[in-house]
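As a plain string of letters, each chain reads:
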Amino acid sequence: MAQIFHRSTNALSRITIFGGVFFLAVLIWAADQWTRSSYMTGQDVVLHQPVPFSHDHHTAQLGIDCRYCHTSVEESAFAGIPPTATCMNCHNLIWNESPMLEPVRQSYATNTPIQWQRVHDLPDFVYFNHSIHVAKGVGCESCHGRVDEMPLIYQAETLQMEWCLSCHRDPAPNTRPRDQVVTMGFDPKDHGVDPAQLAEEYNVQSLIYCSVCHR
Amino acid sequence: MKTRSAFLFALLVLATGCTDMKDQARFEPLESSAFFKNQQSARPLLERTVARGFLREDDAMYRGLAADGSFVQTLPVEVNAKLLARGQERFNIFCSPCHSRTGNGRGMIVQRGYKEPTSFHDARLRATAPGYYFDVITNGFGVMSSYASQVPPDDRWAIVAYIRALQLSQHTDVTLIAPYIRSRLEAGEVVDPAMSVEEAHDEHDGH
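Chains as they are written, first to last, in our numbering: chain R, 1 to 215; chain U, 1 to 207.
Just so you know, these hints were derived from the structure itself, not from any lab.
The model shown is predicted, which means the values in this text are computed figures rather than measured ones.
Heads up, the beta-carbon is just placed ideally off N, CA and C, and yes, glycines get one too.
Hints should not be assumed to be uniformly reliable.
[Said to hold, decoys possible] Over 12 angstroms on every C-beta distance to chain R, these chain U residues come out as not near it, computed from the model:
| hint | residue |
| --- | --- |
| 1 | Arg48 |
| 2 | Ala51 |
| 3 | Asp68 |
| 4 | Thr74 |
| 5 | Tyr132 |
| 6 | Thr172 |
| 7 | Asp173 |
| 8 | Ala178 |
[Claimed, not checked] One side only, chain U facing chain R, incomplete, derived with CB under 10 angstroms:
| hint | residue |
| --- | --- |
| 9 | Met21 |
| 10 | Pro97 |
| 11 | Arg112 |
| 12 | Met144 |
Throw the hints in and build the complete structure from the sequences for me.
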């Protein structure tokens with residue numbers, strides 16, 4: 001019986017076999033990158049807000065503490081989005097005719113909340129708690145990045161589970177003195193503290209079982 | 001067999017639609033809801049609702065008022081170093097933007113155009129009862145809004161205690177300061193007020 005395929009097709013078959021494997025590998029790699037892309041995670045994406053509130057201006061330039069507005073961060077799972085009344089503590093007199101702040105005045109006058117877009121939106125099956133992280137000396141910037149350098153707020157990290165776990169497996173390096181939790185640009189060397197020693201003092205544990213975050 | 005695999009296949013196809021586990025039928029805090037007219041998922045309490053344990057009958061503790069209706073002259077909480085430290089922290093968070101960290105009323109927001117509050121070192125305010133400060137934090141005064149929603153009552157007392165400490169810091173009799181600390185202060189050194197005589201000598205010998 002004569003050969004069906006000419007000898008020259010050998011190369012073609014080799015390319016196909018190699019190419020198939022290569023193609024599959026690229027496909028898996030691409031899917032992997034896709035799930036980590038900011039398109040999927042929302043990392044570094046600025047959402048359109050009703051008022052272009054600047055964290056940079058209010059914290060770095062005016063020196064207002066995070067907790068002035070996010071009042072429940074130390075006691076509650078939720079850090080708290082300030083009611084319009086908090087804005088009006090200052091903006092009843094300052095910039096009180098600015099067109100940019102019209103939605104704030106409207107909200108205050110009509111007793112209707114401003115509809116901010118949630119920037120850090122964890123999946124509903126994750127039960128994150130701010131208060132325990134703050135109590136164990138995890139700084140705001142460890143998760144939220146340099147908020148003091150953000151004229152418009154955005155999500156600094158991926159908020160993916162692998163990112164949570166990277167710290168939950170080894171929490172010590174992200175431990176800082178409790179009174180430095182809101183500090184931006186914290187460096188343990190400036191304060192003469194050893195994060196590992198602090199982690200021991202605060203009884204910081206590596207908690208990686210499922211029910212820590214999922215219920 | 002054929003129908004069973006067709007069924008499983010259909011199930012698989014349908015399951016791909018179930019990627020919304022991220023957004024389940026529960027509300028995150030302050031999430032909007034289409035169910036209620038004002039689109040708020042969080043429902044306000046009915047007026048005059050009191051949560052268990054929050055009746056707050058104690059006038060001195062929750063309103064700064066004595067039995068005769070005047071402002072209390074002494075704090076209804078124990079004043080200690082821990083309370084003052086808490087007061088300092090809370091004062092710097094909530095009060096210093098306007099009143100400044102020293103309490104002179106020249107805080108950053110005032111520098112940016114807000115109405116300047118009276119300095120805490122003013123003679124009239126130094127003579128005012130602690131209950132008055134509690135009342136102002138709770139109900140506001142002039143252009144200052146109420147801070148009741150931002151500062152809980154026990155923190156308000158901590159702040160009042162710290163304001164008293166600030167006032168004392170600017171109006172104290174220097175002869176009351178221990179000589180070994182005073183001499184160092186006058187030499188322009190930064191001194192830890194809790195330093196004991198022994199520590200002062202040790203440090204002095206060390207230099």
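Consistency of the hints with the structure:
| no. | hint | verdict |
| --- | --- | --- |
| 1 | Arg48 | holds, 18 angstroms |
| 2 | Ala51 | holds, 15 angstroms |
| 3 | Asp68 | holds, 32 angstroms |
| 4 | Thr74 | holds, 28 angstroms |
| 5 | Tyr132 | holds, 20 angstroms |
| 6 | Thr172 | holds, 26 angstroms |
| 7 | Asp173 | holds, 31 angstroms |
| 8 | Ala178 | holds, 27 angstroms |
| 9 | Met21 | holds, 6 angstroms |
| 10 | Pro97 | holds, 6 angstroms |
| 11 | Arg112 | holds, 6 angstroms |
| 12 | Met144 | holds, 8 angstroms |
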